[in-house]
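Under my numbering, think of the first position of the sequence shown as 50, with each following residue one higher.
Fair warning: there could be bad hints in the mix.
[To be verified] Pairs of lysine-lysine residues, derived as DSS-like cross-links and limited to a Cα-Cα distance of at most 27 Å, are as follows:
no. : residue 1 : residue 2
1   : Lys135    : Lys104
2   : Lys221    : Lys274
3   : Lys83     : Lys360
4   : Lys119    : Lys103
5   : Lys135    : Lys367
6   : Lys274    : Lys324
7   : Lys154    : Lys183
8   : Lys253    : Lys119
9   : Lys238    : Lys278
10  : Lys119    : Lys104
11  : Lys183    : Lys323
12  : Lys253    : Lys351
13  : Lys253    : Lys221
14  : Lys342    : Lys367
15  : Lys342    : Lys352
16  : Lys183    : Lys124
17  : Lys238    : Lys264
18  : Lys119    : Lys187
19  : Lys154    : Lys71
20  : Lys148    : Lys253
21  : Lys342    : Lys323
22  : Lys124    : Lys154
23  : Lys360    : Lys310
24  : Lys135    : Lys148
25  : Lys180    : Lys310
26  : Lys135    : Lys158
27  : Lys324    : Lys264
28  : Lys148    : Lys278
29  : Lys351    : Lys187
Quick caveat, the hints were computed from the structure, so don't treat them as lab data.
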Amino acid sequence: MKRVLLGMSGGVDSSVSAILLKEQGYEVIGVTAKLYEEENQNCCDSNNPSLDAKKVCDYLQIPHYTVNYKEEFEKNVIQDFVINYKNCRTPNPCIECNKYLKFGKLYQKALELQCDYIATGHYANIEYDEKYHKNMLKKARAIEKDQSYVLYSIPQQILDKIILPLGNFNNKEEIRAIARSYNLPVANKPDSEDICFIPHGNYKEFLENRGVTQKSGDIILNNGKLVGKHNGLYNYTVGQRRGLGIAYEVPLFVIGFNKEKNQVIVGREEELYKKEIIVDSVNWLYDIELPNKVKTKIRYSKKEAESIIEKLADGNIKVTFEEPQRAPTPGQSAVFYIDDAVIGGGKII
50 MKRVLLGMSG
60 GVDSSVSAIL
70 LKEQGYEVIG
80 VTAKLYEEEN
90 QNCCDSNNPS
100 LDAKKVCDYL
110 QIPHYTVNYK
120 EEFEKNVIQD
130 FVINYKNCRT
140 PNPCIECNKY
150 LKFGKLYQKA
160 LELQCDYIAT
170 GHYANIEYDE
180 KYHKNMLKKA
190 RAIEKDQSYV
200 LYSIPQQILD
210 KIILPLGNFN
220 NKEEIRAIAR
230 SYNLPVANKP
240 DSEDICFIPH
250 GNYKEFLENR
260 GVTQKSGDII
270 LNNGKLVGKH
280 NGLYNYTVGQ
290 RRGLGIAYEV
300 PLFVIGFNKE
310 KNQVIVGREE
320 ELYKKEIIVD
330 SVNWLYDIEL
340 PNKVKTKIRY
350 SKKEAESIIE
360 KLADGNIKVT
370 FEEPQRAPTP
380 GQSAVFYIDD
390 AVIGGGKII
């Protein structure tokens with residue numbers, strides 16, 4: 050019997066994943082990572098993920114472990130989050146967590162426990178593709194729940210060791226129906242949309258408590274014209290319209306920053322659209338010849354767009370879109386797809 054280590058957050062997705070893996074004949078071991086102080090745990094799936102996950106594992110009669118990865122989470126996720134905002138970038142902490150914790154440290158734990166595979170409750174697929182002659186990360190059947198975008202940073206070499214049990218379901222209600230059929234206590238537990246380590250979703254307060262204290266400065270147009278004042282660069286992101294406090298002849302949006310001069314740069318909506326972007330820190334899940342035609346997704350909630358990617362002399366990737374894309378945001382990820390397969394991705398600079 051093959052053994053699989055399942056990352057469990059205490060929510061319905063990972064709990065149903067345990068059921069499905071058992072039904073498929075795996076020996077399942079549940080593990081929950083403590084990532085930050087319990088009193089701040091207000092989301093992801095529970096105020097007490099470890100307790101909820103243990104209850105489910107006890108109910109399903111599978112072993113459960115809790116591991117302490119607070120130090121690693123602080124270094125690789127929280128500090129990265131703070132540093133990005135200090136540098137006028139908008140990070141996606143879930144991507145860093147997947148890279149360093151869920152498919153980094155937990156995979157190491159799987160090896161320690163002599164597990165053959167690691168599994169999570171993400172909505173995506175890993176399956177063998179005849180075209181590429183290897184296992185590929187692909188979109189979930191439930192496109193509205195698809196999480197392949199946030200999984201591009203998985204190390205290529207462990208793709209064969211990952212199981213994603215929820216990839217072929219049509220919607221979240223099917224998952225809840227399975228949970229109800231097993232009388233799981235988390236069957237009706239609501240999803241959370243907050244950043245897991247930020248109490249009440251107030252990221253600005255969190256940053257200030259972490260020493261991000263930026264002084265007020267000018268809001269200017271691209272031509273240098275002063276149109277307003279800002280209250281700290283970390284309060285703004287590319288594409289933002291609300292909260293600028295500017296009365297102007299046309300709606301204005303944040304289009305960039307001048308960190309050295311402590312300035313927020315604003316412009317008309319058409320100035321948000323970019324034909325080209327540069328991407329660094331690229332992780333390839335499949336090595337393709339460059340330049341090549343792919344579809345590029347520049348935000349979790351945005352549909353991917355036709356594009357050409359090519360390698361620059363410094364190793365970064367240049368993405369040229371067929372149609373200009375609205376508000377590519379430094380710090381967010383650009384993920385490359387061919388058909389429904391993730392080829393790779395990196396950070397927009």
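We went through each hint and held it up to the structure:
Distance hint between Lys135 and Lys104 is unfulfilled; the C-alpha atoms sit about 40 Å from each other, more than 27 Å. Between Lys221 and Lys274 the alpha-carbon distance is near 49 Å, which puts this suggested pair outside the 27 Å criterion. Between Lys83 and Lys360, the direct Cα distance comes to roughly 39 Å. Violation of the 27 Å bound is thereby established for this hinted pair. Between Lys119 and Lys103 the alpha-carbon distance is near 19 Å, which keeps this suggested pair within the 27 Å criterion.
As the CA atoms of Lys135 and Lys367 are separated by approximately 25 Å, the hinted pair is consistent with the 27 Å bound. In summary, the hint linking Lys274 to Lys324 is supported, as the alpha carbons are separated by about 25 Å, within the 27 Å threshold. Only pairs whose Cα atoms come within 27 Å are accepted, and Lys154 paired with Lys183 is accepted, the gap being roughly 24 Å. For a cut-off of 27 Å, the pair hint linking Lys253 to Lys119 stands: about 22 Å separates their Cα positions.
Our distance criterion of 27 Å between C-alpha atoms is broken by Lys238 and Lys278, whose separation comes to about 43 Å. Between Lys119 and Lys104, the direct Cα distance comes to roughly 22 Å. Compliance with the 27 Å bound is thereby established for this hinted pair. Using a Cα cut-off of 27 Å, the hinted pair Lys183 and Lys323 is violated, with the two alpha carbons roughly 34 Å apart. Taking the CA atoms of Lys253 and Lys351, the gap is about 24 Å. The hint holds against a cut of 27 Å.
Annotation: proposed proximity of Lys253 to Lys221 is violated, straight-line Cα distance about 31 Å (limit 27 Å). For the suggested pair Lys342 and Lys367, the alpha carbons sit about 12 Å apart, so the restraint of at most 27 Å is met. Between Lys342 and Lys352 the CA atoms are separated by roughly 16 Å; this keeps the pair inside 27 Å, and the hint holds. Our distance criterion of 27 Å between C-alpha atoms is broken by Lys183 and Lys124, whose separation comes to about 33 Å.
For the hint pairing Lys238 with Lys264, the CA-to-CA distance comes to about 41 Å; that exceeds 27 Å, so the pair is violated. For the proposed pair Lys119 and Lys187, the alpha carbon gap of about 30 Å is over 27 Å, so the pair is violated. Between Lys154 and Lys71 the CA atoms are separated by roughly 23 Å; this keeps the pair inside 27 Å, and the hint holds. A C-alpha spacing of about 25 Å is found between Lys148 and Lys253, which places the hinted pair at or below 27 Å, so the restraint holds.
Restraint check for Lys342 and Lys323: the C-alpha separation of about 18 Å stays at or below 27 Å, so the hint holds. Between Lys124 and Lys154 the alpha-carbon distance is near 13 Å, which keeps this suggested pair within the 27 Å criterion. Distance hint between Lys360 and Lys310 is unfulfilled; the C-alpha atoms sit about 32 Å from each other, more than 27 Å. A C-alpha spacing of about 22 Å is found between Lys135 and Lys148, which places the hinted pair at or below 27 Å, so the restraint holds.
At roughly 51 Å between alpha-carbon atoms, Lys180 and Lys310 are farther apart than 27 Å, so this suggested pair is violated. Between Lys135 and Lys158 the alpha-carbon distance is near 33 Å, which puts this suggested pair outside the 27 Å criterion. At most 27 Å may separate the alpha-carbon atoms for a hinted pair to count; Lys324 and Lys264 exceed this at roughly 33 Å. This hinted pair does not check out: Lys148 and Lys278 have alpha carbons roughly 38 Å apart, beyond 27 Å.
For the hint linking Lys351 to Lys187, the alpha-carbon distance of about 17 Å falls within 27 Å, and the restraint holds.
This entry does not satisfy hints 1, 2, 3, 9, 11, 13, 16, 17, 18, 23, 25, 26, 27 and 28, going by the numbered hints stated previously.
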